[in-house]
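Each chain, letter by letter, is given below.
Protein chains: 2
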Amino acid sequence: MEVKFVPTPLSNRTVPYYFQIVTLLRRKIEEGDLPSGLKLPNELELAKLFGVSRVPVRRALSMLEADGLLVPQRGRGTFVADVPPAPNYYVLSGTIEDYLSRNLRGTLRLLSMEKIPAPRVVADFFGIETGETISLFRRIRAVNGVPYSYVMNYVLLATVAHFSIKDLNELNVVNLFAKCLGVSLQKITQAIEARSADSDIAAQLSIDVASPVMCVETFFRSHRGSPEALSRIFYRGDRHKYLLELTRKN
Amino acid sequence: MEVKFVPTPLSNRTVPYYFQIVTLLRRKIEEGDLPSGLKLPNELELAKLFGVSRVPVRRALSMLEADGLLVPQRGRGTFVADVPPAPNYYVLSGTIEDYLSRNLRGTLRLLSMEKIPAPRVVADFFGIETGETISLFRRIRAVNGVPYSYVMNYVLLATVAHFSIKDLNELNVVNLFAKCLGVSLQKITQAIEARSADSDIAAQLSIDVASPVMCVETFFRSHRGSPEALSRIFYRGDRHKYLLELTRKN
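Protein sequence lines correspond, in order, to chains A and B.
Going by the working numbering, the first sequence opens with residue 462, and the numbers climb by one from there.
Going by the working numbering, the second sequence opens with residue 462, and the numbers climb by one from there.
No wet-lab data here; the hints were simulated from the structure.
These numbers come from a predicted model, not from an experiment.
Do not rely on the hints blindly, as some may be mistaken.
Because identical chains cannot be distinguished in the list, a pair is counted as satisfied if it fits within a single copy or across any two copies.
[As the list claims (entries may be wrong)] When the alpha-carbon atoms are kept at most 25 Å apart in a straight line, the in silico SDA-like pairs for lysine to any residue are as follows:
| id | residue 1 | residue 2 |
| --- | --- | --- |
| 1 | 648 | 686 |
| 2 | 702 | 558 |
| 3 | 500 | 589 |
| 4 | 648 | 556 |
| 5 | 640 | 575 |
Model the full structure from these sequences, guided by the hints.
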């Protein structure tokens, strides 16, 4: 398996470079784009790739080492750590009907469609090899003309062949599967967390780099639990909130 | 009603001053500490209060104006806007028993107890006047010695009198009310959103300024719906996540 490190361009100094590098590498490591055991390019190479001096690169690497995401090995280089520390998950449940009724607001717009090597998290979900080719389409949902969410959808190549450009500009994942494939999605799991916007997310959502975003990783399964689609959705933090109502049992 | 503007000290340049000022003022406006219609100090006064030049102050004010949180009035000054734009709330439900079983991890530590003028959101919840005196105690929850959440608890003065320092160092809100007042809390509502850490939150949670935090505003009510406590909880974004499982109805 060949993993190339392709950095996203940094934003023009809105936020210090080291902080942008930390945010970007953390996302790539946690999402498996930079898999466990991968040797990072050295400081000088990273500085060239990001187009910055070695100072912010060194600072970013030492912060990620302190967080346990990178491991320096003397004389050998810096490696992606085995397992990032596990967070506490608070488990909630709901219905797909409710999800859909709230998810139909605004308008979708297709930004791109590509074939890419599957990152680890995506490959694990679909049960394919990391790096195997998979389809990625990126979309923006806007409400009243203002960007609301930036959505990356991953599906198998055999699946994407059934979607027309028109459908991709109009339908959410559940409706795409229903209309284009006749498949009813039966189980949706969402992992919800707070993130800071990196330069790509910030540009797409018209917010500043390092502004808060709600990151929602969504796993779609059909009736036998078969994996059908994975979406990574970034919502503007000021526009997307949850309200949790707790009552006593009975 | 007299509202004084007391700025939190900015952090020492980890993140640009203008961004820290935006984050701080946004929080104060959204939480009602700076109420609608309040006239802000002018640029020069704000620059002095924050201990910075006018450049970052001017940039922060124009960003908050663009977001509709501040309104400039020619020749009169800059005012806090009437109503911040409403976000989309995604409503979920759960049980208090489940919440408690997950909320008992780690150890609490009392940081401070104060009497303060109630901010608008707090006053509205308790049905008192904005600015009336209320009790605020701030606590840190640590798990395995690492800060996990920074909690601000607001209760009425008559309530806090029943809590001992020992209890405040040990018990969560539900257990404080059960043990010290014999009151069973029956309804808990949480508003959950992504935020960027300001300098105070960052210091308490041992994270960088502008790192992601999950902000959970929690409203506690007893059996007749009577307001008993309000907590504002900031969780480290890398340690606190939600998992939402959606299935079809029936």
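Structure-based check of each hint:
1. 648 with 686: within (7 Å within a copy, 35 Å between copies)
2. 702 with 558: both (19 Å within a copy, 23 Å between copies)
3. 500 with 589: Within. Shortest intra-copy distance 23 Å satisfies the 25 Å Cα cut-off; inter-copy 59 Å does not.
4. 648 with 556: Both ways: residue 648 and residue 556 sit 9 Å apart in one copy and 22 Å across, limit 25 Å.
5. 640 with 575: Only inside one copy: residue 640 and residue 575 sit 22 Å apart there, 59 Å across copies, limit 25 Å.
Checked against the numbered hints given earlier, this structure breaks none of them.
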